[in-house]
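Enquirer: If you want the building blocks of each chain, they are given just below.
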Amino acid sequence: MEMSEEIAKERIAKRIAQEFRLTTNRLFLNLGVGIPTMVADYVNNANVFVQAENGMLGVGPLAKSDEEDWQLINAGRQMVTMTKGCSFFDSSVSFGMIRGGHVDATVLGAFEVDEAGNIANWIIPNGKQLGVGGAMDLVSGANRVIVAIQHQDKKGKSKIKKSCALPITGFHEADLIITEYAVFAYEDGGLVLKEIAPEVTLEDIRMMTEAAYKVSATVKTMNVA
Amino acid sequence: MEMSEEIAKERIAKRIAQEFRLTTNRLFLNLGVGIPTMVADYVNNANVFVQAENGMLGVGPLAKSDEEDWQLINAGRQMVTMTKGCSFFDSSVSFGMIRGGHVDATVLGAFEVDEAGNIANWIIPNGKQLGVGGAMDLVSGANRVIVAIQHQDKKGKSKIKKSCALPITGFHEADLIITEYAVFAYEDGGLVLKEIAPEVTLEDIRMMTEAAYKVSATVKTMNVA
Amino acid sequence: MKKVIQIMSCEEAIKSIAPHSRVMVGGFGLRGYPEDLVDALAASGIGDLTIISNDLGSPGIGLGKLLTNNQIKGLEGNYYNWNPEVAAAYNEGKIKVNLLPQGTFAEGIRAAGAGIPAFYTLASVGTELAKGKETRTFGDKEYVLEYALPGDVALLKAEKADELGNLVYCKSARNFNPIMAMAAKYVIVEVGEIVAAGELDPECIVTPHMFVDVLVLKGR
Amino acid sequence: MKKVIQIMSCEEAIKSIAPHSRVMVGGFGLRGYPEDLVDALAASGIGDLTIISNDLGSPGIGLGKLLTNNQIKGLEGNYYNWNPEVAAAYNEGKIKVNLLPQGTFAEGIRAAGAGIPAFYTLASVGTELAKGKETRTFGDKEYVLEYALPGDVALLKAEKADELGNLVYCKSARNFNPIMAMAAKYVIVEVGEIVAAGELDPECIVTPHMFVDVLVLKGR
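Chains as they are written, first to last, in the working numbering: chain D, -1 to 223; chain G, -1 to 223; chain U, 40 to 259; chain R, 40 to 259.
In short, the hints are calculated from the structure, not lab data. There may be inaccurate statements among the hints.
Said to hold, decoys possible - In the DMTMM-like style, the derived pairs of lysine to aspartate or glutamate whose C-alpha atoms are separated by at most 20 angstroms in a straight line are: (1) U:Lys180 with G:Asp173; (2) D:Lys126 with R:Glu131; (3) D:Lys82 with U:Glu242; (4) U:Lys180 with G:Asp186; (5) G:Lys82 with R:Glu232.
As the list claims (entries may be wrong) - Some chain U residues well away from chain G (every beta-carbon gap over 10 angstroms; in silico): (6) Ile56; (7) Asp78; (8) Asp94; (9) Gly99; (10) Ile100; (11) Lys104; (12) Gly113; (13) Glu146; (14) Lys224; (15) Leu256.
Claimed, not checked - Computed, partial: chain U to chain R, Cβ under 10 angstroms: (16) Ala162; (17) Gly165; (18) Phe177.
In this text, a Cβ means the ideal position worked out from N, Cα and C, and glycines have one as well.
Bound-form chain D, shown alone:
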């Protein structure tokens, strides 16, 4: 399996966007830093409203150079734009939305996830990091947690583990794990493989995945367009 990081990330973002592209209900979505932010570019659905935990509902696309407003950023410090009907509020209201279960879905990157649905995405204890952000509030508060993660690390080791080794952000919180090669849902206490990419086989996924999982009886080919 050879895929550039850039292509992998784009594929993951596009596949996650499919989760939201057709909703006819309003969907309130919080996007983490990295791949998750890219998801917004592919959603194209006016019913999806992006919430930024630094105090905004209705975040628009990233600002082009002539649109940049220093005081208008998302939680990843990227300059963004406003949509019609957007609103601003303080951080306690923003996390009231999140903690109170008003955010329908959050898309987060992770270092590791495991077969218990545990997510490790806040710290690598290497002495160089000291920060947690809104991740713990988001995984426990959002109604649906989607993990955007490359299937393997640079050494080819599975990032979908039997058991996370890194400090956990939230226990049993992952609902959907989307990699460049596969889609896993967390169902009935375990992972279920729902989709695989066109260029891989079930055996390929088995080889590249450390976690135990069931294969769905209706496993499908992932739409990577």
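Fit chains G, U and R to the known structure of chain D by using the hints.
Expert: Relative to the frame of chain D, chains G, U and R by itself:
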């Protein structure tokens, strides 16, 4: 002692207003229903800002008939006016102000107060009342609690008791008790008589007051102008 | 997920309220309560309701109608002295009443909306309203543990909405409406006017549309 | 009681900060933080401070200057990965750090301002950040007990104030500023403009002047 209820109430309101009339600091004041509301009429100090627990800071005088705005009331449901720089907020913010110790003083009516500084002002258990309002939050949250109370009930019994018989609103919360005949401060765990009205003697006050109290060494004549 | 904002008649909107629901109603002293929605609820006859509101209007006025109609099973609120029929019904054992200090009531509603199951407050410590409640000392003071107050449906009043459902209020008619919008699963708002998205200043929107399901236009 | 609102220079305003103070600073990712006040605090050299803020700017930028200057004894906040000097100073034992989930941090500040000594939240349950913290089950979920986070002084940024001290903010520069205004005993706000009382719409004032002590004009 004979004094009409109307004159008594006016005197109490005027005397309480003296507590605030000369402040050169900003003073944030919450006024209960009844005598307390009348206090605002006598303050005449632009540094005093009245907070209404239904969500307003900067309450102005009661509305004259040509100023009435149905959606602009105080917590006693009286139609009021706005002052320059007033603001509106929801009930949780309003009680955040109160509970958080940001309200400098509250003036409350009471059925009874006692020598322990206990206040009974929320219910007479006669089966006809069922309501508490903001009184419990106010007595525990405001920095200074001033009780506006007629000295005796209609039968001539002292309302300043040894021990309140009615259900308590807050324990040891009264800082100042102002009647038409006297001013008591709660100091060092007991009541201290600080002022008496011009037409009464210390002995008169002793006769009409059930609670034990000390007489201040510097007891003064109450300004009833 | 909430449906795209729906604009309905009061009668249609009220159909979402089942018997035995916990219904939050905005307002304070007959200001900032949804008059048409409350009238429609009274006309519907839906019963066994728990009404979560500051007060219960006046006898036969506003929420008072629901009591006159025997639609109420329980009340959670703060001040019923403006409607003496409440004390009468309570004394006769017709309704249950959970009476709370106004600040505790407001904070409990906010807590429900913000995912806080319980919090501590000074208000009511040692009084009859704290009887049977857990207390705990922090620093040198004793506090009482109070719980979140969630609702199934909220009936609210706002001055103006945009098409998305963002809300602004008018003066002291704001009161409990914004926090109830956060605390109830399904939120119906009676508004005076609906404007296009983008017409409300993003800095001045009090209730983001995330908290709103249905709009009804007052007087329709 | 607060004095009548005072308009000062940054240097004058900073004099109210004593060594060992708990200083809250608004802002998120270098937006909505009081640049001039932070510069003045850095220039003052006042030390042994506990800084309560979402992040600590970048190395040598914004609040990062205070660390470079060794003015910091402790931090209470959320995210220091934008300033790697924080982890380095922590590892060397130079500073204490109380790291909290962002929502818990925000709620703790609000709680301090609103007189709530402690509250329960789901965030961080079972994780390293909940180590040694009390937990309790409500319904079928386990929550962690978290405490109010008060400040001695707050240094904040707002877009505009009126003469009384009422504040409005600009877009995502609002962030922690309004809740910190409630949570600190003495509140100093850097603003772009001061207008006459009555010029700010009473419906749109975000921070009532009850929470503000001093204004400084940015760039003066």
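Enquirer: Evaluate each hint against the coordinates.
Expert: For each hint, the structure was consulted:
Distance restraint check for Lys180 (chain U) and Asp173 (chain G): the Cα-Cα separation of roughly 18 angstroms lies within the 20 angstroms cut-off, and the hinted pair is therefore satisfied. Our distance criterion of 20 angstroms between C-alpha atoms is met by Lys126 (chain D) and Glu131 (chain R), whose separation comes to about 12 angstroms. For the given pair, Lys82 (chain D) sits about 13 angstroms from Glu242 (chain U) by alpha-carbon distance, which is consistent with the 20 angstroms threshold. In summary, the hint linking Lys180 (chain U) to Asp186 (chain G) is supported, as the alpha carbons are separated by about 18 angstroms, within the 20 angstroms threshold.
Between the alpha carbons of Lys82 (chain G) and Glu232 (chain R) the distance comes to roughly 18 angstroms, so the proposed pair stays at or under 20 angstroms and holds. Its beta-carbon lying about 23 angstroms from the closest one in chain G, Ile56 (chain U) satisfies the requirement of being farther than 10 angstroms from that chain. For Asp78 (chain U), the shortest C-beta to C-beta distance to chain G comes to about 17 angstroms, beyond the 10 angstroms cut-off, and the non-interface label holds. At the 10 angstroms boundary, the C-beta of Asp94 (chain U) falls inside the reach of chain G, the nearest C-beta of that chain being 7 angstroms off.
With 10 angstroms as the threshold on Cβ separation, the claim that Gly99 (chain U) sits away from chain G holds: the shortest Cβ distance comes to roughly 17 angstroms. Non-interface status of Ile100 (chain U) relative to chain G is upheld: no Cβ of that chain comes within 10 angstroms, the nearest being about 13 angstroms off. The Cβ of Lys104 (chain U) lies farther than 10 angstroms from every Cβ of chain G, with a closest approach of about 18 angstroms, so its non-interface assignment holds. Residue placement check: Gly113 (chain U) keeps its beta carbon more than 10 angstroms from all beta carbons of chain G (closest about 13 angstroms).
With 10 angstroms as the threshold on Cβ separation, the claim that Glu146 (chain U) sits away from chain G is violated: the shortest Cβ distance comes to roughly 6 angstroms. In this structure Lys224 (chain U) is separated from chain G by more than 10 angstroms, as the shortest Cβ-Cβ distance comes to about 19 angstroms. For Leu256 (chain U), the shortest C-beta to C-beta distance to chain G comes to about 18 angstroms, beyond the 10 angstroms cut-off, and the non-interface label holds. Because the closest C-beta pair between Ala162 (chain U) and chain R is about 9 angstroms apart, less than 10 angstroms, the hint holds.
With a least beta-carbon distance of about 17 angstroms to chain R, the hint placing Gly165 (chain U) at the interface is violated under the 10 angstroms criterion. The beta carbon of Phe177 (chain U) comes within 4 angstroms of a beta carbon in chain R, closer than 10 angstroms, and the hint placing it at the interface holds.
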